[in-house]
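J.: Assemble chain B onto chain A, guided by the hints.
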Amino acid sequence: MRCQRVRELLSPYIDRVLSDEERNKVEEHLTACESCRKDLAELQSAVNRIREMEKLEAPSDFMSKLHERLLQKKVAPFSRHGRKSHLVNNTSGWLVASVASIALVMGIYISSLLPYPVVASFFDRIPQFVSSQDSELRNNIEKFLSEKKQQMQMALNNQHPQTPEVKEGPEKALTDPKPQQVAVAPENEPAGQVEEAVEPILINTVNLELSAADIDQVANSIKQLAEANGARTETYNSQLMAGATKVMTVRVTPEKLSSIVTGIESFGCQAQPMHVTQDLTQDYKNIKKRIGEVEIEITKLQNLEELNADEGNKLQAMLFEKSYLENQIAELEANTQLVAVNVMITEEPNH
Amino acid sequence: MLLGKDDDLIKLSIQGDIRAFEELAAKYQHKIYSLAYRYMGCEEDASDMAQEALIKAYRSLATFKGESSLGTWLYRITTNVCLDELRKRRRTLHMISLDEPVATVDGDEIERDIADPSPTADIIYEKKETEVYLQSLINMLKPEQKAVVILRDVMDLTYEEIAEVLNCSIGTVKSRLSRGREILRKKIAKRELLP
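In order, the protein sequence lines correspond to chains A and B.
Residues 1 to 351 (the working numbering) are what the first sequence spells out, left to right.
Residues 1 to 195 (the working numbering) are what the second sequence spells out, left to right.
In isolation and in its complexed conformation, chain A is listed as follows (with noise of 0.2 Å):
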């Protein structure tokens, strides 16, 4: 090893935090240089009378002075002051901003796996991962939501010429699959980019349709034959179509499934079961890329050493959609073990 290398090892060296080989190296050539034995003594004699510097003790007011400037108006942790000022329209701003983002991400997942009114139904559910107490708050998410359902009400009104009858619309869609897009994320990848592999994620789904005089009932009923058996079942209300519709997802092992659906046939089925197989890999990996870029912005929030009151609610809103995002992933990967059951559930014209 040269004079210089091992030079540059010395302070490492003192602190004993080289390797085993690199310290045997400077040891071997420290026995055979003066010149450098004599750097390692200077240095280590350096680092000594740094160390050896007095303790220092803060003076005996600081804390008094600390106190003072505490209780000033201004001082106040984000967390706690934040909404209660005229801050709270920056939290829903960035909020509602993380909602139209999961929807942009997850409007693929919902509408490829479900019939259309489910895709709006979806935007019920997004209110209840906002915990906050924070009526004006909640509020605002709601609004937003609410435009959306418009929205895509007026989405769907348009493309109703196209659509032979309403009744067919959602057996269409089933067979579809992916019918009606809300939005499509861009598939493109950066060039050179390596994308990581994913398993394909592949639901198994059955789709019945009913039509009831009294669809809660119906909808109860339901309920009670999956709970019996075992299945996980999600209810969405839609006002969406014409007259009252519920639609449910029945989550069942494959085992339990021909009971089950025998089960929902007996409350008055219209037309045979569609069995589909849905490949939801893409929207999978459309869901995991986003929230690689929300833990990319989270991480650089939580690095900055002190947050303005904007950033404090852009990293609450970062955190919100990850919490989201990585529940629906979860949910996701549970659900290929099982197979979806959709049941929509139309009132009977007559009533």
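Because the hints were derived from the structure by calculation, they are not lab data.
Note that beta-carbon positions come from the ideal geometry of N, C-alpha and C, so glycine has one too.
All clues stand as given, with none of them false.
Facing chain B, from chain A, some residues (calculated, C-beta under 7 Å):
#1 Phe62
#2 Met63
#3 Arg69
T.: Positioned in the frame of chain A, the structure of chain B alone reads:
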């Protein structure tokens, strides 16, 4: 790692409990002051910067995730506050640092040799003088070298902790420390050779 008690105090502080935060601040006040003093080099600035760092910590405590220790997190804020202030002053005062080479007339660069701050050589072993002298050497280091030397040799942090505080790699810590200590070695050795 966080003690259970710190954890509780942090939660209360985030909710706006000033007393809880003051309890935390009281625990760390001497270390933070000491750190700020070594960066700034005088009592008045040290006190101001340490206060500033604690106020910043209070404001952004909600972003503290407990991934590093509270101490490391506070050192990071203090370091940033002090280095920002020093950079600001450096811009205005055009201060020079020890290892900033001086360009000579014929275009070569030679190492700057500063006049030693302490006038008389015969009292260098007196503690107070030595303290002042050593602090003056620290003051002359470039901010990034100053930070690693102070965090390692004054605050006794590990390389890993320093990397966390400065948000850089351990390799960077090693090389900056090596360079900073080398400058101090030369200065101190030269001084101690004096009669």
